[in-house]
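The listed protein sequences derive, respectively, from chains A and B.
Per the working numbering: the first sequence ends with 324, consecutive numbering throughout.
Per the working numbering: the second sequence ends with 131, consecutive numbering throughout.
Calculated from the structure, these hints are not laboratory results.
Heads up, some of the hints might be wrong.
[Unchecked claim] Under the rule of at most 30 Å between Cα atoms (straight-line distance), these lysine-lysine pairs were calculated in the DSSO-like manner:
#1 B/89 - B/128
#2 B/128 - A/267
#3 A/263 - A/221
#4 B/118 - B/90
#5 A/221 - B/118
#6 A/267 - B/89
#7 A/280 - A/221
#8 A/221 - A/267
#9 B/89 - B/118
#10 A/267 - A/280
#11 A/263 - B/128
#12 B/118 - A/263
#13 B/90 - A/267
#14 A/280 - B/118
#15 B/89 - B/76
#16 B/128 - B/46
#17 B/128 - B/76
#18 B/118 - B/76
#19 A/280 - A/263
#20 B/76 - B/90
#21 B/118 - B/46
[Stated by the list, open to error] Looking from chain B toward chain A, a few residues come up when the C-beta cut is under 10 Å (computed):
#22 39
#23 42
#24 120
Glycine is no exception: its CB is placed at the ideal position from the N, C-alpha and C atoms.
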Amino acid sequence: DAGITQSPRHKVTETGTPVTLRCHQTENHRYMYWYRQDPGHGLRLIHYSYGVKDTDKGEVSDGYSVSRSKTEDFLLTLESATSSQTSVYFCASLGAGGNTGELFFGEGSRLTVL
Amino acid sequence: SQQGEEDPQALSIQEGENATMNCSYKTSINNLQWYRQNSGRGLVHLILIRSNEREKHSGRLRVTLDTSKKSSSLLITASRAADTASYFCAFLNSGTYKYIFGTGTRLKVLA
């Protein structure tokens, strides 16, 4: 399995504070993704990256920004957290095979915004 | 929304029975994949079917794809209690690397 780790795994914060979630992969995968998972909605794509410094928006990108300064790290930032951003966040990277590759997921980061 | 729709949302069956879940999507796709998620964990890849394939098997899994109807189904045969999990379809919009997921089916297999 691809080595993908997310940190922190759990975080409680207050409305209006900035939050950064980190995703680290050891497989030298080019493509990386951030999703949020909410009951009834499955996984929704926030942002993805197709290389160092190359990112693009997903379906639910408002209120989120990302950065990728190194192949192995993909950061998700909530500039000013809101209660609607309470969710479980998953990072994934795309394995070899291009558009037939499989996604490898981290274990998730549970964020609670009070 | 580009998100895929899955049905049923939840399914409860007895051990040994077959489980079928369906995925519908709206865009052109390169391939469609199915993932499994155990409670509180990340998703794990199960099987991939390419857009030019109609059916694929892997162990107790059978996947079909009908691109004319923009739909796919996952069949788990002879289910076991350990198959209890949520199942998601996922697909790439053609020409992009945006992986879009369905809303998921929660499967409960009763021993």
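Hint check:
1. Proposed proximity of residue 89 of chain B and residue 128 of chain B is supported: the alpha carbons are some 28 Å apart, at most 30 Å.
2. Using a Cα cut-off of 30 Å, the hinted pair residue 128 of chain B and residue 267 of chain A is violated, with the two alpha carbons roughly 34 Å apart.
3. A C-alpha spacing of about 26 Å is found between residue 263 of chain A and residue 221 of chain A, which places the hinted pair at or below 30 Å, so the restraint holds.
4. Between residue 118 of chain B and residue 90 of chain B the alpha-carbon distance is near 17 Å, which keeps this suggested pair within the 30 Å criterion.
5. Taking the CA atoms of residue 221 of chain A and residue 118 of chain B, the gap is about 27 Å. The hint holds against a cut of 30 Å.
6. Distance check on the hinted pair: residue 267 of chain A and residue 89 of chain B sit about 28 Å apart at the alpha-carbon level, within 30 Å; holds.
7. For the proposed pair residue 280 of chain A and residue 221 of chain A, the alpha carbon gap of about 24 Å is at most 30 Å, so the pair holds.
8. Pair hint residue 221 of chain A plus residue 267 of chain A holds up; C-alpha atoms about 24 Å apart against a cutoff of 30 Å.
9. Of the pairs offered as hints, the one joining residue 89 of chain B and residue 118 of chain B holds, with about 21 Å between alpha carbons and a cut-off of 30 Å not exceeded.
10. For the suggested pair residue 267 of chain A and residue 280 of chain A, the alpha carbons sit about 19 Å apart, so the restraint of at most 30 Å is met.
11. Of the pairs offered as hints, the one joining residue 263 of chain A and residue 128 of chain B is violated, with about 42 Å between alpha carbons and a cut-off of 30 Å exceeded.
12. A C-alpha spacing of about 17 Å is found between residue 118 of chain B and residue 263 of chain A, which places the hinted pair at or below 30 Å, so the restraint holds.
13. The suggested pairing of residue 90 of chain B with residue 267 of chain A holds, with an alpha-carbon distance near 24 Å, which does not exceed 30 Å.
14. Taking the CA atoms of residue 280 of chain A and residue 118 of chain B, the gap is near 20 Å; set against the 30 Å cutoff, the hint holds.
15. At most 30 Å may separate the alpha-carbon atoms for a hinted pair to count; residue 89 of chain B and residue 76 of chain B meet this at roughly 17 Å.
16. Straight-line distance between C-alpha atoms of residue 128 of chain B and residue 46 of chain B comes to about 28 Å, which keeps the hinted pair within the 30 Å bound.
17. Of the supplied pair hints, the one linking residue 128 of chain B and residue 76 of chain B holds, its CA atoms being roughly 24 Å apart against a limit of 30 Å.
18. For the given pair, residue 118 of chain B sits about 23 Å from residue 76 of chain B by alpha-carbon distance, which is consistent with the 30 Å threshold.
19. Our distance criterion of 30 Å between C-alpha atoms is met by residue 280 of chain A and residue 263 of chain A, whose separation comes to about 8 Å.
20. About 16 Å separates the Cα atoms of residue 76 of chain B and residue 90 of chain B, which keeps this hinted pair within 30 Å; it holds.
21. Under the criterion of a C-alpha separation no larger than 30 Å, the hint pairing residue 118 of chain B with residue 46 of chain B is consistent with the structure, at around 14 Å.
22. Taking 10 Å as the C-beta cut-off, the interface hint given for residue 39 of chain B is violated, the closest approach to chain A being about 18 Å.
23. With 10 Å as the threshold, the beta carbon of residue 42 of chain B stays out of range of chain A, its nearest partner Cβ sitting at about 14 Å, so the hint is violated.
24. Of the supplied interface hints, the one on residue 120 of chain B holds, with its beta-carbon coming within about 6 Å of a beta-carbon of chain A, less than 10 Å.
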